[in-house]
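A.B. asks: Here is how the chains run, residue by residue.
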Amino acid sequence: MLMLSGMAWVSSAQRLDRSMWMGVERNAADLSIHLGAVGSGLTTSFASALLTQDFLEREAIQVQRDKLRTINSAGFDYRADVLGVAQLKDGWAVTAGVTDVAHASTEFSDDAFRLLFEGNAAYRGLELDLSSSSFQYLRYQKFSVGLMRNNLKSSMGFRLSLINGQQWINANAERAKLSTSDWGDTLGLDLIGQWQQSGLDEGYLGAQNGAGVGLDLFLSHDWVTEEGTWRAFIDVRDLGWIQWFPGSQEYQVDTVVTFYGVEVNDFEGNAVGAGLGDSLDRAFLGWRNTGVINTWTPSWIQCSVKQERDKGFEFGLGATWRPFTVAKTYGWMLAGYQFNQKWYAGSEIGYGGFGRMQVAIEGMFHTRSVSARLRWANMEGLIFSDRLGGMMITAGIQYQFGS
Amino acid sequence: MIQNIRALILVLVGFVSCNGPLDIASWEVEATSPLVYGRMNIADLVAVKEISSEGGVLQYRVQDTLVRLGVDTLIGIPDTTLVSEFMIPVGGVQWPAGVPFYSDTIRTTFNLDGAQLSFAEVRKSLFSVSLKNNLKEQILVRYRILSATQNGDTFELEELVPGKSTFEGDFDLDGYNLDFRGLDGKRSNTLNAYVEAMIDPNFTGTYTFSAGESFEIQNTFKEIIPQYAQGYFGQQLTQYEDSVTIDLFKSLAFQSADILEYDVDITIDNGIGADLLFEIGGVSTYNSSSVVSLGHPILGEPQPIGRAIRTPGLASPVKHMQQHYSFTSSNSNLDELLEIRPNGIAYNMSLEINPLGDISLGNDFVRFGHDISASMDLTVPLKFGVEGLLLRDTFAMNADTSDSEQIDRILGGVIRGKILNGYPFEATVQLLFLDSNGVVTDSLSDIRQTIQSAEANGFGMVINSVESEVVFPFDRDRVDAVLGATQAVLLARFDTYQSQIVELRDSYEIEFRFAADLNTTLP
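Chains as they are written, first to last, in numbering that gives the first Met the number 0: chain A, 0 to 402; chain B, 0 to 522.
Just chain A, same shape as in the assembly (with noise of 0.2 Å):
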């Protein structure tokens, strides 16, 4: 008999959810979306002013300055994924699936905000440090199949992808510094950084800028004790290498640079500002590099523990690493209530990642055709929003059939 089944694949901004699929033991169709974004230093405000006004008042501006740290980071993640689980015989099961993946991230300085959103005339004098900035931008889809065992007490799988790439920026300064003279008759840049683009063709979903393979795996072993059953999971998911087709840009900069404006000694036709125009491209010419990129996908490996029960209070606690970005280790404990077999709500603690502290609240309902997850994380970026940043909300919805 041929089973059609789904399932959700859903993560926090800062590690993954339990995936519903694994153990599931009827075919099932699965629709989940995720978004989340979580700041160290940047407020929920700010950032919820930057999208939904037209303008940022000044205040605004010193406000989130007045809050930031020497050095801050922000991370993004979107998801959008469709998954179907097929059962096999003897516990085997195979997985096909179609997932919109979304990343971003950044590293940055106060003074970086500083110079991007109040200029340089304010600072005349002084030298603002942009160094260890970085961000990253990907989007791409991958297309997975995948192949499972289920049996009492484990379970294990994989999915192999091939993604297709649609966009991709990434930009870091080692080194950037720049200051301005008391009077602003002098700029100075020491620089070295690196910039790297995908081709311009990214305007539309599925363009294809680049293509490459992926890799998740998940392992989970259950023991049983008198207090119920401890569920112990390792999840490797998002492993993936792409290679950028040809067209893609990449500046690698080395430089210091003293510009005192362009000088006008011969005063015969003199073209204000061409002198420099051609000295840039010239530069640019220099730093840049053209044809193929590789580059590893943002990934995330989990460890964690969670206990398991029909009904009454669980916990767990678990440790999540972002490879290939910027977001540091985030460790994290949960505890929740599972009122019966069908409804279970729970809340969690975590610090790091993209951020600091963080509280999340998530509710399920499970029968055995339906099964349905909400999740809301990072809740006090939206309590406390003038204080801390961060938003992330995850829902999916499962349907089970067959026998």
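Be aware that a few hints might be false.
[Stated by the list, open to error] One-sided excerpt, in silico: chain B residues whose CB lies under 10 Å from chain A:
1. D22
2. S25
3. E29
4. A30
5. S32
6. L34
7. V35
8. Y36
9. T378
10. K382
11. R415
12. L419
13. A514
14. A515
[Stated by the list, open to error] What follows is a list of derived Cβ distance ranges for each label pair:
15. B:G483 with A:G246: 50 to 58 Å
16. A:G124 with B:G483: 32 to 40 Å
17. A:D309 with B:D22: 47 to 55 Å
18. A:Y203 with B:S25: 37 to 45 Å
19. A:W240 with B:G483: 23 to 31 Å
20. A:E56 with B:G55: 55 to 63 Å
The hints are simulated quantities; they were obtained by calculation from the structure and are not laboratory data. On a predicted model such as this, the values are computed, not experimentally measured, just so you know. For every residue, glycine included, the Cβ atom is placed at its ideal position computed from N, Cα and C.
Once you've looked at the hints, dock chain B against the given chain A.
C.D. replies: Relative to the frame of chain A, chain B by itself:
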């Protein structure tokens, strides 16, 4: 909180619909950037090549040759052609080979417009010969210019001309001495040549002429330029009337000026061996509306100038005779001529050669490169008191205004300038912007900004430069006019304190730096 949730929904919808970047808020930033820097001095702004430095003081100096008479002008030898023809009127005449059937002396006399040359050394020349043989048999032609010798040898040409054909050849007499006195030594301007023609001596037997057979010779002297010439050059009177352009005041406009020092030297240089009589009829300066005439004792008075002297054996074979006439503040009113900001100097003069006739008895001489010339040397030290001296300089502008959205983001700003003035007078500056038709579209400041004078000592010499700051604020309304301009004009007005006399030295300069504070919105 509702706003924050709305933001989350916006991002979510944006990603699910996958239609490009999110529309985010804009904000205002104030950026500072250097614009231009440099140094300039008055000479840069005036941009006249005649500005130079003498003893550290800038001066305007014009040197021009008003008149020049060289050997080619004095005794220009015209192109002259002579044709001689021999024809047998009756047939049947038998003539032995090798015996001339034609011989003649050809005399060429040049018309030299009153000059009577007796001798010349040829520097450059072209001599053309055409030998037309209308006989049936080849002939031999011998052609000798008896008046042209070189190291004792006469110029000689021997050519075989086949029957029924013409020989044409060009030769030169460069380096030959030409004796223009003729065979009897009593003539002038005359060259003699001897021609003989015979049947080719290698022809066996005798040649029988037919009726009408002929032989023709045509010789042409052209482009004869003497290295040295001697004789009597005639009594020549030449009038000259011309003008010299003065560019200085085109870019150096002022309301009034007090010019104290100037110097004009007119030099007559006689490099020929003939007496001269030179007369300056008048000198005046002019601009578009007025003319001022020069007053000086020599005007209208003929000035005799002696002849040059041959100095054989010396490095220069000719000693010139020179006469200088100096126009200074003590003997002329030249300052009045300059204070009208003239566009040029007009003059008329006359030059007469041999005013007393042939008193050298035919021994006038001229050597190539030793001419008669009249030259003017005008020197005006830039040492003056001035009011309302206006200097303007135009810069091309090429701002890219194609991205109107980007232009619209500019809300205004301030262009600030630091001017370190090394000149001993204060100035006011204004920046004007012009469209492609040269029409002023805007000025960054309706009021001229003042630049302080440098600090000077009791002698008017600068001891310290003084820094001033100028500020040109501009608002949104002026951005389009400024960025749409194709030219920017820096207009500077200088005034010396109470028209005090100051001198401009080459060490004086203005050092400037401009920066802009730009108020703009992002992104």
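A.B. asks: Name the hints, by number, that the structure is in violation of.
C.D. replies: Result: hints 9, 10, 12, 15, 18, 19 break, sorted rising.
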